[in-house]
Amino acid sequence: MAESVLILVKKPPYGLEDAFSALRAGLAVLVSGRVPVSNVLLIGEGTLNAVASQRPEAIGMPSNMEALHDLMDLEADVYVVREDLQELVGDVQLLEGVKVIDRERARQVIDEHDLVTTF
Amino acid sequence: MAESVLILVKKPPYGLEDAFSALRAGLAVLVSGRVPVSNVLLIGEGTLNAVASQRPEAIGMPSNMEALHDLMDLEADVYVVREDLQELVGDVQLLEGVKVIDRERARQVIDEHDLVTTF
Amino acid sequence: MRSKLFILLKSPHDFDSLDLMVSIGEGAPTAALLFEDAVLFAANEKKGLELLSVVNQVYMIKDDWEARGLPLVMTSFKMIDYPEAVDLIMEKYEQTITL
Amino acid sequence: MRSKLFILLKSPHDFDSLDLMVSIGEGAPTAALLFEDAVLFAANEKKGLELLSVVNQVYMIKDDWEARGLPLVMTSFKMIDYPEAVDLIMEKYEQTITL
Amino acid sequence: MNMDTNTAVKLARAALEKGYHVGIFGYGEGVTLIKEGQDPKRFQNVGQEVQDLLEKGLEVVVCETCSQARGLVRGEEIKGTQIGSLTNNLSRFVAKSDRMVTIAR
Amino acid sequence: MNMDTNTAVKLARAALEKGYHVGIFGYGEGVTLIKEGQDPKRFQNVGQEVQDLLEKGLEVVVCETCSQARGLVRGEEIKGTQIGSLTNNLSRFVAKSDRMVTIAR
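Residue numbers (the numbering used here), protein chains in the order written: chain F, 1 to 119; chain V, 1 to 119; chain L, 1 to 99; chain G, 1 to 99; chain Y, 1 to 105; chain Z, 1 to 105.
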């Protein structure tokens, strides 16, 4: 019996459907009301999903930003690993509401969840 | 109009169907009689497709060795880059008939073909 | 800290999460379980030792290994079958994380 | 040597063929054309310069770049559309190699 | 096609034989798992394996949105498997599970 | 599903509009390109794009063996596309082509 699930997202937005799928899965689990906690941790290139100035309409893709907003509206935590983002693209503006954390805190976040699934 | 095609295989055998698919494509082009030359170049982890002691029956997969034999029976050249194989797994026995070459020769092989497709 | 079993499916060449494994695994009992192309770690000393240096134990699926017909370099990797893999997942480790 | 256009689709993190590109491209006019996740090379100075050091020119698809909303670091990469990509493939380069 | 579905099914078989309750949720490309009439020639027939394991109690559900995206519709699935949803089915699996194993690259 | 089929189709459109003869051969997962009734919701509908381009002269053939492996059979393809073979169709594309672009990861 699981009380919490963590959606670990390593994949960047748009080239693959993985990141979008990950966020929809997290949302669906929350909406179902069957699992109290469903949070998202963005690591590596997955951190790029939280960039504020994405324009998915340029390639006719659904918005990963909206998917994150939907999650946060339902009180999911969305964590972004600072070091990973910094190393990839330096300083960029992120979506309002995401929690920027360091690797040490990311380790704790993973440990706090009963189940972890990776995208 | 293309007179020759090179099948460049970077993927190792069995975890993905890519390497097997690559070899079948090369074979089909030869069998068709429409393109005089269809050769195979195994690079990186793709070199592992030429290892002699593979046992694909352990996981119920079709044999990449047979696919290579079929190609060589039809007089295709199968090239294996020595440095890549050495770096990955050291000395191993390879299928009879494959041509072990160095990177410099691999560069020429690529240049000699009209079309190159990658797997 | 919950004990952690890392599931690997990608070849050493494609595997990009060694750093991540280190940081996630810190302070917890850890192991890696290799499926599919990840068994290639056992054929390469450099990659194999790298992996072994970040987890307490490495297991790999025997069938996947045998299919590839390679000389075994990492003799300390433990060769297991699917039922043993189930025991690792269900009994021996508390969290299963695919990387 | 025939001139060579390398097609890249993977992100810098997943891309594993830089060495190969160097050895294939030696002595020939070369360029890289970035689609999909490969446009991320343009957002990272280290990866971007690495790429630029092994080919004569780097092109990338504008739509794929814009979708990601990132600050452009590699200003010397040439932003192009699909019709221009077709010209590169059909007219400007003799061989097209996906890596 | 990678061998992930094969691996998932083999692991499911071993777990079922040990008496565990096992569910597979097919997501993304994983929806092909339940397409009826798979005929992979010399490759292992995952569909056939799934059919065997259904009798041993395996539950298999795939994501409807992903299926529709690939043109796989209700009626084309192996009998006993289900085209379902993230909200109804994945969430139920998650809530009931002690372990979750992601088999994907 | 990765975006490779989208990229392939966009490149094909641009080439057709410049007057080139263009063929797409769908191999492996690429066979999903021609499945009729794709409904990817908020993602771009590649099947719809293919349909448009057929009128502009695009030829689309997918590998029969790969299709069968995934349970995709003749009659399920978009009208005007073809489930064909490596030997008959890929070889013809190769022989006729001045350039070959592999869109795959």
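Simulated from the structure, these hints should not be mistaken for laboratory data. In this text, a Cβ means the ideal position worked out from N, Cα and C, and glycines have one as well. Be aware that a few hints might be false.
To be verified - Computed list of chain Z residues with no C-beta within reach of chain Y, every gap over 10 Å:
#1 Lys18
#2 Thr32
#3 Gly37
#4 Asp52
To be verified - With a straight-line Cα cutoff of 20 Å, these simulated PhoX-like cross-link-like pairs (lysine-lysine) come out:
#5 Z:Lys56 with G:Lys92
#6 G:Lys78 with G:Lys92
#7 L:Lys92 with Y:Lys18
Each hint, compared with the structure:
1. Lys18: Check passes; 30 Å lies beyond 10 Å.
2. Thr32: Non-interface label on Z:Thr32 violated, nearest chain Y Cβ at 5 Å vs cutoff 10 Å.
3. Gly37: violated (5 Å)
4. Asp52: Per Cβ check, Z:Asp52 is outside 10 Å of chain Y; nearest 17 Å; holds.
5. Z:Lys56 with G:Lys92: violated (24 Å)
6. G:Lys78 with G:Lys92: holds (15 Å)
7. L:Lys92 with Y:Lys18: holds (15 Å)
In the structure shown, a violation is registered for the earlier hints numbered 2, 3 and 5, in ascending order.
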